[in-house]
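Going down the list, the protein sequences come from chains A and B. Our numbering applies: residue 1 is where the first sequence begins, and numbers increase by one. Our numbering applies: residue 1 is where the second sequence begins, and numbers increase by one.
Wrong hints could be hidden among the right ones.
Said to hold, decoys possible - Just the calculated beta-carbon pair ranges, DEER-fashion:
hint, chain 1, residue 1, chain 2, residue 2, range
1, A, GLN346, B, MET9, 36 to 46 Å
2, B, LEU210, A, ARG265, 51 to 61 Å
3, A, ARG54, B, THR309, 56 to 66 Å
4, A, LEU214, B, TYR4, 29 to 39 Å
Hint data in this document are derived by calculation from the structure and do not stem from the laboratory. Note that the structure is predicted; figures quoted are calculated from it, not measured. Virtual Cβ for every residue (Gly too), placed ideally from N, Cα, C.
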Amino acid sequence: MKRKIGLIVNPVAGMGGSVGLKGTDGDAYKRALKLGAQPVTPARTKDLFSHIRRKEEIDLFTAPGPMGEAHIHGFDISSAVIGRVAKQTSAEDTKRIAGEMLKQGLGLLIFVGGDGTARDIYDAVGLKMPVVAVPSGVKVFSAVFAFSARAAAEMVDAFIEGAHTAEEEVLDIDEKAFRENRLASTLYGYLLVPAVKRYLQGGKECSNISVSALESKKEIAAYVIEHMDKDALYLLGPGTTVKAIADAVGIPKTLLGVDALTDGRLVGSDINEKEILSLSQKFEKKRIIVTPIGGNGFIFGRGSKQFTPEVIKQVGRENIIVVGTRDKLNRLEALRVDTGDFSLDQTLSGYTDATVGYKETLKMEVRC
Amino acid sequence: MSVYIHLDMNEMPYLPPENVVRAAQKGLLNLNRYAEQKDLEHLKSLLADYSGVPEEHIVLSAGSDLLLREIVHSFSRGRKIVMVSPSFLPTVQAAKQFATKLVSIRLSPPEFVLKPELLLDEAEASALVIIDNPNNPTGKILLERPTVEAVLDHEDTFLVIDEAYFEFSGVTFADLVSDHPNLAITRTMDKAFSLAGARIGYLLVGNYFLDVFSSFYAFLPQSSLHAAVEALNCTEYVRKNVKLIVDERKRLQKKIEDLGTSVSSSSTNFLLIKTEIPDLSVRLKNSGVLVSDVSSQLAPGSIRISVGTREENDAFINEYSKILEEANE
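Bound conformation, chain B alone:
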């Protein structure tokens, strides 16, 4: 049992229901075997129902970051990569590694808005555009439907939208996948489905991407596969937990603001705060609370806090209040 309160990785703080845990345990009984194709197909068909996208447009993977890396690797040749800054770090890392040219559009605080005209300017020439929507770590929705459609009108430009936090934001462009060959959407069951330990990622892809991903084989662990199938058969717990987290997020935001700290409004399961306390993440860690210092991508004092259970959030507020008091002494 960890001694820390984990508010640093944007995980769901609640365990999945018992039947999902039992399904994962059942998977362990075949630990000597790879997952069977029919079971993988079954998971795809459930994800097709869940996403409203035809089964043949779904690609499975052990984590959506692997899918993003594969996309960057396969589609950046001869195309510049266009991203926003800040953005999901593993994607930035892959882009820096493989890009022949990398253009990042800075999201300026405090609003962190992506101006459509800036994106469209860059999308005109042949480009691979990768946007996390909502954005990590700002928590902001960056894309409106007209902007997405305008980018997709450039046939030689590929658009990838990372919807890791879609269940919290309720915003998706999955319905455009069937009609737009140059669109791909990455999703994960790590967050809203409480399955971070299972690492199930999936891709909703247009036809251009399918050419590359047709030979992409997902070696999903047996336990992860069975847990994911069971979870998709009882999604009510997801809706219930997401609502709990969204309510907690609002309460936590108000509590932090009451302490005089600025907080960005969020469409996810985390909050971005800007504090004047130097080294806050280290001080909180010393008090038993882990948060994520994102100052390497933003202004000094930028901290991302995942929304935990009510008790975990109160523990954070308690420790943060103490640190603020000490600083003001």
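Only chain A is shown next, with the shape it has when bound in the complex:
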């Protein structure tokens, strides 16, 4: 049976790069055009389709014109068009058409673009539909992206062959800061991708020492749970590694929120600063469990605003448990903090032990 797969191309993604602009958000797109920028997504999309091996098993549903339809001519693939777009396309088109594809029950959505496009897709489909993200933007920092169009093609084939899916991060990059050569990013959400780690950005060649990310997270969870104090309050930050701990305990976990756990019971779900402070006053012992954001390594100040300076001070530096898979942490220069309270950031700086496996720790530098 053929698989229903969607295609959405952001036709302006990546145009800023060749003319020295770091993105095409807002007015930057008009400046890129004035500077003579040429579209880069057509070549990316063609590269993708020329490397998909199982084209005959695909029923393609593509966005119209430059958002997909125009780039698949010449490929022997059955296709239909979904939605309409004006001459100048926008983020709203991406969201609307992705939403329509979700409604029509497609099995997979391929999109070509950058971090901005990934956020639009996340807004439209969340975790309800797996995606393959083809990098084409100027800023492509989100872990959700394949590292090349060819790698994305392999992921599409893997999906058709029945690969499992896993959540990967979508980041919100502050483009103004990026143009000033500062990397300021926050965790925006997660998208589901075929779980073929070696094709994802940063995954690169899997070494023979690597266990799968899933196994690694299970090991970390087992070790953390084994050392849990039943009298203590555990504040679980966002991220899939922390979620693996909640899964192993058997409680639900919000992916982006902070949840609270004590003695194997959920005592707070998606709680804000006020709720955290109120809850933590009831416990003498408290711990925060966090995992860094992939790509930039922030453990505080980007992923979860709920961990405010007040919360962190109340818990104490020595009660912060950092977890993360070895592959993810290996890709970071250092862990980072930016809580908004510089003296606290300095207190948190230095070296900390991150749990990367069962009885395995990685001593990592924390920078502010």
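Got chain A sorted already, so can you dock chain B onto it with the hints?
Relative to the frame of chain A, chain B by itself:
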């Protein structure tokens, strides 16, 4: 004849002298026999002279990675293993397999410095500390003498230093072996001696290690054994080739930097670069040049390039320049 230019395994690109090759061929004449004990003892005595370590403190093996694995296997019971990250992959693999507890100290880019206080903190309790010095893949010297001596002061802590690239760095702690029972140093003739195909590794060990290794028997192939003996009788070619490689390494580093790519300074026969080009090792392979993608241990775009002959290095630069141009189009 391989169609690829091999800049991925940190081998010496030059063949050993003809007399060494002939010695290996002579070894093949006794292909039906194991190596004789007297020949093994002869190799040990030559290595003792070369290293400045008494003969009875030398253990032979077919490759130093086997020795490292044996050490991890035999000495990690009841001890946590302390390493750096990144590190020589086969050792990491063995540590992950056998360790009851594994602590890795992350070397942060771009300097990749090992802070002595971090190491000493971990070495206080009973530990098996394994450090490659220079480090692979960063090429950095990680240990200073006062740090080594301070670690060795903890008698229940065993220190293993992998000196696979000692001939290129000129840094060794071999002189401490006789007086420190808890020190072991692994070496190899694969690299500077141009004998990667012979796989001769050796260990310089203190007394605590000797207890375990006294029953360790090295089944060295006849051809490898004879080649190693001959090589140690004419070490001038090693010095000459090492100098050629070190000079080439400096030239290659400058050429790469001139292309706008950051390169870590190195005390070995390889360089670590950080590139923004996705999938560079695959693109270079498609152009006939093999390099090692070490991104699984470091940041994405981390590539280790062995220093080859001048022609091989120029071929790499040529292909890398083309890839950079394509990426900037």
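Each hint, compared with the structure:
1. The hinted window of 36 to 46 Å between A:GLN346 and B:MET9 holds, with their beta carbons roughly 44 Å apart.
2. Distance hint for B:LEU210 and A:ARG265: a CB-CB separation of about 55 Å, consistent with the stated range 51 to 61 Å.
3. A beta carbon spacing of about 44 Å between A:ARG54 and B:THR309 contradicts the range 56 to 66 Å that was offered as a hint.
4. Look at A:LEU214 against B:TYR4: about 35 Å separates their beta carbons, and that is inside 29 to 39 Å.
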